[in-house]
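Asker: Take a look at the letters that make up each chain.
Protein chains: 2
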Amino acid sequence: MAESNYFASNSRRHWIWKNMNSVGEKVKRYSGLAWRTAVKVGKEDPRRVVHSLKVGLALTLVSLLYLIKPLFRGIGQNAMSAVLTVVVVMEFTVGATLGKGLNRGLGTLLAGSLAFLVEYIADIAGRVFQAVFIGAAVFVLGATTTYVRFIPHIKKNYDYGVMIFLLTFNLITVSSYRVDNVWEIAKDRIATIAIGGGLCLVMSLLVFPNWSGEDLHNSTISKLEGLANSIEACVVRYFHDSENQETQDDSTEDLIYKGYKAVLDSRAKDETLALQASWEPRWSRYWHRIPWRQYTKVGTTLRQFSYTVVALHGCLLSEIQTPGSIRALYKDSCIKLAEEVSKALRELANSIRDKRQFSPQVLSDNLNEALQNLNDDLKSQPQLFLGSKKFGGTTHPEEDTKVSFSSVRGDCSSMFEYKSKEHSGEMSMEGHTKVLKPLMSKIAMTSLEFSEALPFAAFTSMLVEMVAKLDHVIDAVEDLAKLSRFREFRDEDEIVVTCERPKVANNDLPSYALD
Amino acid sequence: MAESNYFASNSRRHWIWKNMNSVGEKVKRYSGLAWRTAVKVGKEDPRRVVHSLKVGLALTLVSLLYLIKPLFRGIGQNAMSAVLTVVVVMEFTVGATLGKGLNRGLGTLLAGSLAFLVEYIADIAGRVFQAVFIGAAVFVLGATTTYVRFIPHIKKNYDYGVMIFLLTFNLITVSSYRVDNVWEIAKDRIATIAIGGGLCLVMSLLVFPNWSGEDLHNSTISKLEGLANSIEACVVRYFHDSENQETQDDSTEDLIYKGYKAVLDSRAKDETLALQASWEPRWSRYWHRIPWRQYTKVGTTLRQFSYTVVALHGCLLSEIQTPGSIRALYKDSCIKLAEEVSKALRELANSIRDKRQFSPQVLSDNLNEALQNLNDDLKSQPQLFLGSKKFGGTTHPEEDTKVSFSSVRGDCSSMFEYKSKEHSGEMSMEGHTKVLKPLMSKIAMTSLEFSEALPFAAFTSMLVEMVAKLDHVIDAVEDLAKLSRFREFRDEDEIVVTCERPKVANNDLPSYALD
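Protein sequence lines, in the order shown, are assigned to chains A and B. Everything in the first sequence is counted per the UniProt record's numbering, starting at 1 for the first residue and increasing by one. Everything in the second sequence is counted per the UniProt record's numbering, starting at 1 for the first residue and increasing by one.
Each hint can be trusted.
It does not matter which identical chain is used: a pair holds within one copy or between any two.
With a Cα cut of at most 30 Å, we get these calculated BS3-like pairs of lysine-lysine: (1) K18 with K28; (2) K155 with K28; (3) K269 with K155; (4) K155 with K40; (5) K261 with K155; (6) K331 with K258; (7) K26 with K156; (8) K261 with K40; (9) K261 with K336; (10) K156 with K258; (11) K28 with K40; (12) K269 with K43; (13) K156 with K28; (14) K261 with K331; (15) K155 with K43; (16) K155 with K26; (17) K261 with K355; (18) K269 with K40; (19) K43 with K28; (20) K156 with K261; (21) K269 with K482.
These are calculated hints, taken from the structure and not from any lab test. Since we're looking at a predicted model, the values are computed, not measured.
Starting from the given sequences, assemble the full structure and let the hints guide the process.
Answerer: Right under this line is the structure:
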């Protein structure tokens with residue numbers, strides 16, 4: 001009995017010990033993960049650390065209002081409202097803080113005025129009428145402001161202000177029923193909000209300010225460069241694959257994908273930044289308001305442009321592939337054209353970065369030359385459209401276009417999985433264990449005999465289409481340069497963009513745009 | 001003198017009268033505009049009106065806490081906190097309200113616990129130490145929570161909760177320096193937040209509830225249908241144009257554009273809805289949690305699919321156009337394939353709407369047949385790849401591919417302007433007055449001699465590519481059906497989708513998907 005007790009307690013001790021160990025390990029693992037995440041977030045953008053410290057400092061300063069005796073007497077109990085204002089209004093960039101602060105201030109002022117009007121009317125008659133009137137006013141104002149918040153223009157610019165309006169209105173109106181010195185409440189609230197808001201503005205404007213406008217400016221530059229990388233990598237990869245199927249690696253795929261992904265997903269972020277930037281008191285060097293809306297327009301044309309890049313990338317991943325022998329014929333002129341497009345994009349990026357105008361002439365000359373080259377190649381070697389076997393000469397085209405559908409790529413499904421993995425983390429987990437779906441395999445197995453030239457023609461067509469779309473990007477950037485009054489193009493601004501081809505099968509790829 | 005005075009006063013009166021008139025007109029115009037906007041917002045989604053009334057009602061109810069005497073005694077001054085909670089927490093859908101309410105509740109509870117710990121430590125030593133300690137705690141917590149809000153996972157799910165945590169922590173900690181009954185403050189705050197939050201939940205759950213999950217479900221269906229319309233209109237328009245250049249009208253353009261635009265821009269909205277839906281206590285008919293994340297995955301594959309539609313649309317707007325005589329040869333099989341793709345999309349939409357599985361077999365059979373048709377056409381009429389003039393027979397291909405670049409469309413720039421106008425309202429204002437840019441005209445004028453077949457090849461290639469992308473959409477919807485445990489496909493679910501071709505040059509187009 002004693003023995004069994006001993007064993008029992010021993011095994012219990014063992015169990016506890018084991019459990020504690022496993023809990024300890026779990027804590028260690030999770031704290032390690034948390035630490036890594038925290039470091040990563042900080043490394044991605046070190047300004048985040050600075051901003052956190054700024055918020056901490058602002059909160060401590062505003063708390064002094066309450067902690068230090070003389071100040072406390074002046075402000076009274078309502079000092080808390082200043083603390084709340086700091087927590088709510090202090091945002092990452094100057095523009096966001098200003099926008100929120102002004103919204104909060106205006107909302108409070110408007111609500112205060114209206115609340116006093118309501119109180120004045122409510123005071124006319126007896127107690128019951130007053131309660132009913134206040135209740136009705138709360139209902140009407142509550143419903144109206146909620147409805148107003150659905151209007152797109154209001155939602156975009158003044159959503160927070162309308163909410164604060166409703167909040168303050170209710171606070172003052174409802175309080176007025178029980179409290180006599182409503183005026184005091186309102187005055188204190190406005191004063192403390194002003195103190196809190198003012199402190200936020202000072203902190204975000206004067207202590208290491210972050211500007212939404214700057215972020216927008218930089219993200220536009222990095223999007224242009226990302227697209228340039230994407231196109232180059234795409235074309236190099238297309239022709240590289242045809243030469244050497246073995247050296248496919250994921251890093252190029254990654255480069256292509258990240259380049260256009262950043263552009264495709266940029267709409268909401270761009271618009272928010274432009275909106276915040278429009279609150280920021282920034283002027284160009286000619287004392288001229290910087291046209292932030294034009295940046296979003298450049299973003300729009302870039303998105304249109306990027307759809308072509310997606311289609312180009314689609315040609316790479318296509319199930320039907322043109323044989324390498326055909327591709328090789330047009331390799332140089334295609335790569336040249338893609339390089340010129342990339343160069344033009346980089347030149348646009350540089351012109352925005354240096355805040356100068358660019359020379360559309362130089363850009364268009366090079367592009368036209370490259371287009372002409374491709375055109376000449378297509379003319380001089382028309383076998384593209386005759387199948388791969390018999391080059392030139394007199395042939396029966398009916399026979400030759402019937403090249404059988406031989407190069408269905410075995411790895412296409414894994415390619416697609418790779419892409420979908422990028423899009424949504426969990427997807428690939430299912431994808432890998434899944435066998436080929438009946439439909440997919442069926443399409444692949446019917447061995448259709450589409451001309452093998454078809455996808456290559458699409459690829460070339462997309463390249464040409466890209467030049468047309470580039471034109472709209474150039475237009476938008478030109479407008480931006482004019483509206484921002486960038487300095488004129490000078491001869492020493494000679495385009496010095498070097499056209500490095502991203503090396504396939506090499507990990508140290510140009511990564512400056514993949515922020 | 002008197003006369004001049006009379007005239008002066010007369011003219012002043014006239015001036016005032018005129019001014020008042022113009023002010024009156026302005027007021028009339030603006031109030032008219034405001035009224036029209038309000039009506040439009042309500043018509044777009046009548047649930048908005050209901051929601052506004054619900055918020056008004058909730059606010060009035062919570063104000064009663066303060067207005068009615070017995071209730072007021074119980075709750076005390078802190079009743080205001082309940083009113084504020086209602087203003088802040090009450091959102092349009094159940095999921096959003098629940099998410100915000102739980103965030104607010106948890107944040108408050110956590111902050112309360114921590115604040116008491118801090119107060120306990122601060123109470124140990126003297127008054128000065130207490131002040132310093134509170135200040136330090138405010139700084140450290142302020143900086144830490146701000147930093148934590150940058151972590152993507154926290155930002156996405158708990159941003160509001162972390163903010164409320166910081167807010168409440170500061171409120172209690174700082175108050176504790178001057179007020180003795182902090183426990184009372186904290187208790188009242190928690191109680192009132194619970195009352196306010198509870199009221200919000202009751203109102204949004206029981207009175208005409210709006211479900212984020214339902215919105216996500218419906219938007220997925222309408223996106224599928226929008227894409228189907230877009231593709232059909234695109235193909236019909238492509239071949240219609242070639243027959244009759246005159247009857248281009250903007251309504252088809254609009255239909256094509258809106259169809260894919262809704263999909264392209266859907267990412268942020270889908271993810272928000274899925275997040276909110278995951279808070280909602282909804283179960284499928286098998287008491288199985290509905291996999292909302294899978295809806296966003298369907299959305300992702302749809303976006304990938306839509307890039308091909310954009311490229312297809314790009315072929316329509318391309319500067320180089322294949323002559324109608326060539327297009328006419330493949331018209332039927334191309335239209336057939338596009339119809340099958342649209343039909344498949346509509347079938348997917350219907351299966352999601354009816355919450356049933358679909359038959360991949362049926363879909364793939366039809367698609368394969370259509371693909372085979374197109375393939376046969378391309379085989380039997382290979383003159384596509386030989387230029388438009390000499391059909392069939394033995395030819396010298398070198399000569400025939402040199403078809404000159406004759407069909408640069410004069411209206412391409414206006415087309416692009418139309419598109420960019422859609423994207424950003426102001427753009428077209430500038431675009432219309434702008435003459436053709438030097439670069440643009442230069443590219444157009446060099447009269448390149450790209451084979452006219454190139455863009456048509458791209459068009460066909462995109463159609464085929466689309467089938468491959470459709471496969472991923474089908475996969476995703478199949479997974480959705482499995483995970484949601486939709487009912488099995490039965491024979492009576494025979495596909496009854498009618499394939500109406502959207503009639504070009506007709507304004508009453510199918511608009512059910514263009515919400």
